[in-house]
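As given, the protein sequences belong to chains A and B, one line each in that order.
If you're matching positions, the first sequence starts at 1245 in this note's numbering and goes up one per residue.
If you're matching positions, the second sequence starts at 164 in this note's numbering and goes up one per residue.
Some hints here could point you the wrong way.
What the hints assert, rightly or not - Below, a sample of chain B positions facing chain A; criterion: calculated Cβ distance under 10 Å:
#1 Leu213
#2 Leu248
#3 Pro273
#4 Val277
#5 Met354
Stated by the list, open to error - Listed next, the stretches of chain A that the computed footprint assigns to chain B, with coverage defined by at least 3 CB atoms under 8 Å from CB atoms of chain B:
#6 1429–1436
#7 1441–1450
It is worth saying that the hints were derived from the structure and are not from the lab.
Since the model is a prediction, treat every value here as computed from it, not as a measurement.
Where is the CB? At the ideal position from N, CA and C, for every residue including glycine.
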Amino acid sequence: MDMLYNILIAPFLEIAKSPSFFAEVVIGGLMSGVMYSLVALGFVLIFKASGVFNFAQGVMVLFAALNFSGLLDAGLSIWLAFPLTVLIMVLLAWCIERLVLSKLVNQQDIILFMATIGIGYFLQGFGEFLWTGNVRKLDVGIPQDAWFFGDIMIQQSDVFAAVVAGILVIVLALFFQYTRIGRALRAVADDHQAAMTVGIPLRSIWLIVWSVAGFVALVAGIMWGSRVGVQFSLSVIALKALPVLILGGFTSVPGAIIGGLIIGVGEKVAEIYWGPLFGGAIEEWFAYILAMLFLFFRPQGLFGERIIERV
Amino acid sequence: MPRKKALPHAVVPDSVVAVKEDVVAVNRDEGSDPLIRISNIEVIYDHVILVIKGVSLEVHEGHIVALLGANGAGKTTTLKAVSNLLGTERGDVTKGTIELRGEKVEKMTPSDLVNRGVVQVMEGRHCFEHLTVEENLLVGAYTRRDGKAAIQTSMEKVYGYFPRLKERRKSQAGYTSGGEQQMLAIGRALMANPSVILLDEPSMGLAPQLVEDIFEIVKRLNQEQNVTFLLAEQNTVVALKYADYGYILENGRVVMDGDAASLAENEDVKEFYLGMGGGDKNFSNVKSYRRRKRWLA
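Please model the complete structure; the sequences and the hints are all you need to start from.
Below is the structure:
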């Protein structure tokens, strides 16, 4: 009984006792959730348009951040370094399409997946080769102060990240839903061959998708980089995007965002209120347990496209 | 009908080939240059499997040409060779040429071909399931550069031919019925303003009445919009009813061709494809038939 009380009742009493602290935890969770969402977004874009699960997305975040901070350290201004890094990511997309994807057209998904693991390792090594393996500080002038609303403290940098992520998502959603290219991207995602029969050139579509994913990776890289420094652990953060994707659905842009927020809040709240019961550090695995539950009961995720099957 | 099944399949080519010589002449009579000319192509899948063994055929402007034959005869492969989709299935045209208005297609990408007015409607429809009917049509106009108004006009035209699509235009294509999907697939192809549609097995999985409806519309498109059709079909009766010209494929070869009307009257076609042979044949006759063939070989 004691056990049940500790799990089911005590944490809620604690929440009721100091709601402002709870609010702070939730907001903190939302903010880190935004960061997860940014990484997950890159996965979704590529998966949607090419059915490829891009395992290298995490490393792309790192690679983008490395290039950006490297260029900054080399004395370039932000306004020069940013477009230059975007250019590098587009170039990278072009190389990946040319050297890897176009050679593997119509192979099984698992083969493409393996190829992206290879791309990931290559990028990791290449990034280190270009910019050395040192941890870099990244300062792009994101405000670092905190705001206080009564008892609640909010980091300005978190708010900034949330706003940037929000804008990015809205732009992407509009792009996918209403533009000619966006429609073509969704068509390619549905059926490669049929897309070819109506004259959509697959190669340029893939180039576009990987470039956009590269751009998203850069934004995520800048956000994470200015928070924890540009270092190789950035690529590991991408692993957290997996439960986010399972929660939100692999094919849904809004799903990536909501999934990220749920994971972010869930793991913070669980850590603070339920963590002590398990000896702490449940933040590390909470997301994966949540993802597993989702796989049991709603494998397409919250917003994933229903698997349409006519009988 | 059951008799057709009882016949040993391998008999068909040889027995039909004998008739070929006199029918070929009909085709050569066409004066103008063909829109599509396939000359003696061979198609190999995965570097080893020879699927098409020297097919030649011509499609003239304004015609409906039917490719007939059983499963695995090479109809779909021939269509995909024309639209250059074989590459995605690890197929390869290893011999012969395919020309579109005298221009070789081998170096063109599928989207080049769409730009030149050749659009394929694949077997099994292949609609974009998660897009709405209307979005499917819009994607069909992907290669067009003549502005929103023109595309809108085309869309109204498609809705004119397929009023059913207009009713369902906001629903996801994956949730529409088989007949609606076939209409959508043809409508989507029309959105590219094609001069030729390569139509693969439009009757697949549809009720007989719907099959007639679809072919009726094919005929109308052919007459009103001057769209040329090259269609692969197993339903020989319907196909010959609407086509101008027909080719019969067996095991990757053209075994017979001719005007649709003359093909429909041909005794061998009647027996093997229309299931209405002589009537007094029975199983013992079939056996002797096979023996005779062995002697000749």
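Structure-based check of each hint:
1. For leucine 213 of chain B, the interface hint is violated, since its Cβ never comes within 10 Å of a Cβ in chain A; the closest pair sits about 20 Å apart.
2. Interface restraint check: leucine 248 of chain B against chain A, minimum CB-CB distance 6 Å, threshold 10 Å, status holds.
3. Residue-level restraint check for proline 273 of chain B holds (minimum Cβ-Cβ distance to chain A is 4 Å; threshold 10 Å).
4. At a threshold of 10 Å, the smallest CB-CB gap from valine 277 of chain B to chain A is about 3 Å, leaving the interface hint in force.
5. The beta carbon of methionine 354 of chain B is positioned within 10 Å of a beta carbon in chain A (closest approach about 8 Å), and the interface hint is therefore held.
6. For the region 1429–1436 of chain A, the stated coverage by chain B is satisfied: 6 residues place a CB nearer than 8 Å to a CB of that chain, which reaches the threshold of 3.
7. A stretch counts as covered by a chain when three or more of its residues have a beta carbon under 8 Å from one of that chain; for the region 1441–1450 of chain A and chain B the count is 5, and the coverage holds.
In this structure, only the earlier hint numbered 1 is contradicted, and the remaining ones agree with it.
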